[in-house]
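Enquirer: The chain contents come next:
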Amino acid sequence: MNLLPFAQWCEASTIGNAIRTSTWAFAVIESVHLLALAAIGGAVLVVDLRMLGLGLSESRVRDLARDAFPWLVASLVVMLVTGVGLFLSEATKCYYSTPFWVKMTSLALAMTFTFTVRRWVTLADEGRVGPLAHKAVALVSLALWFGVGAGGRWIGFSA
Amino acid sequence: MSLLPFCQWLADTPGSMALHESLYMYPLVESAHVLTLCVFVGVAATFDLRLLGITLRNVPVTDIKRRLGPWMSAGFVVMVITGALLFYAIPVRSYQNIFFRVKVVMLIAAGLNAFVFHSNVDRRVAEWDRDPVPPRAARRAGAASLLLWAVIIVCGRMIAYNWFDCDKQPQRHIVNVAEGCVVDERAPEGGPR
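Residue numbers (the working numbering), protein chains in the order written: chain A, 2 to 160; chain B, 22 to 214.
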């Protein structure tokens, strides 16, 4: 399956064209993308640090995860919507960008992991999940999201 | 007094040139700067939202400060060091960039906001530590912090764009003044500056 024609179609689409030809659109969308990065960072870190025993260790993992979940989902939605806009405006560049594919792979894994294993583990009844499992889940989550962030930043550096 | 000569001197130092022209070092420093957003602003926003009574309402404010404070501080230190390095790599253009200047002003405002918070309502934190919704002064500090850091992030991202750069003349007079561009505005378009 060759995705290049799809990327070209994206770039030629009305939205892709509008964002690319505008002076401000890309910069503004990118700024919102960054604001959501900070928000999702907080929502992920508060829970992952707790599982590592490094953050709010007086609070229960489940309570923190419940509180952080709406923020995680909301910032992720903003990330995805703005991210699609950014992608549409330079889809063929992304197609040829290794960091872009690293980011998309990490993103698919991070989202799958976050909404399955990590969610089950963080919402499990107390005592059912040991500290070692908590630590492992937190480390995997942090590693995957780091891959998304680092890949994303590196798209901008590749010529 | 203008800081421009200092920035020009800084730009000519070997370290600045090496960082500016490096293939990987500059991108790495910039990546660290951006990704540390998650640690610093992410955690700071969590604290601000707690001050606003929006999230973690059942967690005492002092718990959050004691447990997440070190992460916030560590993130802040990385932000300052990497940010200083980014400025060091491109001093003159940054100094004359409108978004950089707004960012610096907002950073000072954020510092003042934090100082006022710590020297006033935070001193009486024992009285409202467990309140789901903290007192008005604390909420105001949280809201101001969220807003200021949002503006700082946006300005930081916008520094990369050259819409208002001094070497793109003619610019509006007010832009040239705000950025401290050294330019003869009477010169015809494309003329010497």
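These aren't lab readings, by the way, just hints derived from the structure by calculation. Possibly wrong hints are sitting among the right ones.
Unchecked claim - Restraint-style ranges between C-beta atoms, simulated for each label pair:
hint, chain 1, residue 1, chain 2, residue 2, range
1, B, N141, A, G131, 58 to 68 Å
2, B, V198, A, T117, 55 to 65 Å
3, A, E127, B, S43, 27 to 37 Å
4, A, G131, B, D186, 53 to 63 Å
5, B, A147, A, A28, 13 to 23 Å
6, B, A39, A, M112, 18 to 28 Å
7, A, T106, B, R157, 44 to 54 Å
8, B, P26, A, R61, 54 to 64 Å
9, A, M112, B, T34, 42 to 52 Å
10, B, V137, A, G131, 23 to 33 Å
11, A, W121, B, D33, 38 to 48 Å
Unchecked claim - Pairs of lysine to any residue, SDA-like flavour, derived with a Cα cap of 20 Å:
hint, chain 1, residue 1, chain 2, residue 2
12, A, K136, A, T24
13, B, K189, A, S58
14, B, K86, A, S98
15, B, K86, A, V79
16, B, K86, B, Q29
17, B, K86, B, A147
18, A, K136, B, K189
19, A, K136, B, W92
20, B, K189, A, F7
21, B, K189, B, V172
22, B, K86, B, V154
23, B, K86, A, A8
24, B, K86, A, S60
25, A, K94, A, A37
Stated by the list, open to error - Over the 10 Å line for every Cβ pair with chain A, so calculated as not near, a few chain B residues:
hint, residue
26, F27
27, H41
28, E51
29, A65
30, T76
31, L77
32, R78
33, V80
34, W92
35, L106
36, Y109
37, F121
38, W184
39, I195
40, N197
For glycine and all other residues, C-beta sits at the position ideal for the given N, C-alpha and C.
Enquirer: Now tell me, hint by hint, if it's right for this structure.
Expert: Okay, the hints, checked on the actual structure:
A hinted range of 58 to 68 Å is violated for the C-beta pair N141/B and G131/A, which are about 44 Å apart. The given range of 55 to 65 Å is respected by V198/B and T117/A, whose C-beta atoms sit roughly 56 Å from each other. The hint said 27 to 37 Å for the Cβ distance between E127/A and S43/B, and at roughly 50 Å that hint is violated. The beta-carbon spacing between G131/A and D186/B, approximately 56 Å, falls within the hinted interval of 53 to 63 Å.
Judged by the Cβ atoms, the range 13 to 23 Å given for A147/B and A28/A is violated: they are separated by roughly 45 Å. Distance hint for A39/B and M112/A: a CB-CB separation of about 39 Å, inconsistent with the stated range 18 to 28 Å. In this structure the hint that T106/A and R157/B lie 44 to 54 Å apart at CB holds, the actual value being about 47 Å. With their beta carbons about 57 Å apart, P26/B and R61/A fall inside the hinted range of 54 to 64 Å.
The given range of 42 to 52 Å is respected by M112/A and T34/B, whose C-beta atoms sit roughly 45 Å from each other. For the pair V137/B and G131/A, the supplied restraint of 23 to 33 Å is violated, since their beta-carbon distance comes to about 44 Å. In this structure the supplied range 38 to 48 Å is violated for W121/A paired with D33/B, their Cβ-Cβ distance being about 58 Å. Proposed proximity of K136/A and T24/A is contradicted: the alpha carbons are some 45 Å apart, above 20 Å.
Distance hint between K189/B and S58/A is unfulfilled; the C-alpha atoms sit about 53 Å from each other, more than 20 Å. Proximity of K86/B to S98/A is assessed by CA-CA distance (about 41 Å); at most 20 Å being required, the pair is judged violated. Between the alpha carbons of K86/B and V79/A the distance comes to roughly 28 Å, so the proposed pair goes past 20 Å and is violated. A C-alpha spacing of about 41 Å is found between K86/B and Q29/B, which places the hinted pair above 20 Å, so the restraint is violated.
Distance check on the hinted pair: K86/B and A147/B sit about 13 Å apart at the alpha-carbon level, within 20 Å; holds. Between K136/A and K189/B the CA atoms are separated by roughly 52 Å; this puts the pair beyond 20 Å, and the hint is violated. At most 20 Å may separate the alpha-carbon atoms for a hinted pair to count; K136/A and W92/B meet this at roughly 18 Å. Note on K189/B and F7/A: the hinted pairing is violated, with a Cα-Cα distance of about 37 Å set against a maximum of 20 Å.
With a C-alpha separation of about 25 Å, the suggested pairing of K189/B with V172/B is violated against the 20 Å cut-off. Straight-line distance between C-alpha atoms of K86/B and V154/B comes to about 16 Å, which keeps the hinted pair within the 20 Å bound. Proposed proximity of K86/B and A8/A is contradicted: the alpha carbons are some 46 Å apart, above 20 Å. Distance hint between K86/B and S60/A is fulfilled; the C-alpha atoms sit about 13 Å from each other, no more than 20 Å.
As the CA atoms of K94/A and A37/A are separated by approximately 23 Å, the hinted pair breaks the 20 Å bound. No Cβ of chain A approaches the Cβ of F27/B within 10 Å, the least distance being about 29 Å, so the stated non-interface status holds. Every CB of chain A is more than 10 Å from the CB of H41/B (nearest about 14 Å), matching its label as outside the interface. Listed as a non-interface residue, E51/B fails to keep its Cβ farther than 10 Å from every Cβ of chain A; the least gap is roughly 7 Å.
With a least CB separation of 8 Å from chain A, A65/B falls inside the 10 Å interface cut-off, contrary to its annotation. Once the 10 Å rule is applied to beta carbons, T76/B is inconsistent with being away from chain A; the minimum gap is 5 Å. Not every Cβ of chain A is farther than 10 Å from the Cβ of L77/B; the closest lies at roughly 5 Å, contradicting the non-interface assignment. Taking the minimum C-beta to C-beta distance to chain A, about 8 Å, the non-interface status of R78/B is violated against the 10 Å cut.
With a cut of 10 Å on Cβ distances, V80/B falls inside the contact zone with chain A, its closest approach being about 5 Å. Chain A draws W92/B into its interface by the beta-carbon criterion, the shortest separation being 7 Å against a cut-off of 10 Å. Every CB of chain A is more than 10 Å from the CB of L106/B (nearest about 15 Å), matching its label as outside the interface. Every C-beta of chain A lies more than 10 Å from that of Y109/B, the closest at about 19 Å, which supports listing it as non-interface.
No Cβ of chain A approaches the Cβ of F121/B within 10 Å, the least distance being about 15 Å, so the stated non-interface status holds. Not every CB of chain A lies more than 10 Å from the CB of W184/B, the least distance being 7 Å, so the non-interface label is violated. Against chain A, the non-interface label of I195/B holds: every CB pair exceeds 10 Å, the least being about 19 Å. Here N197/B stays apart from chain A, with its beta-carbon at least about 19 Å from theirs, past the 10 Å limit.
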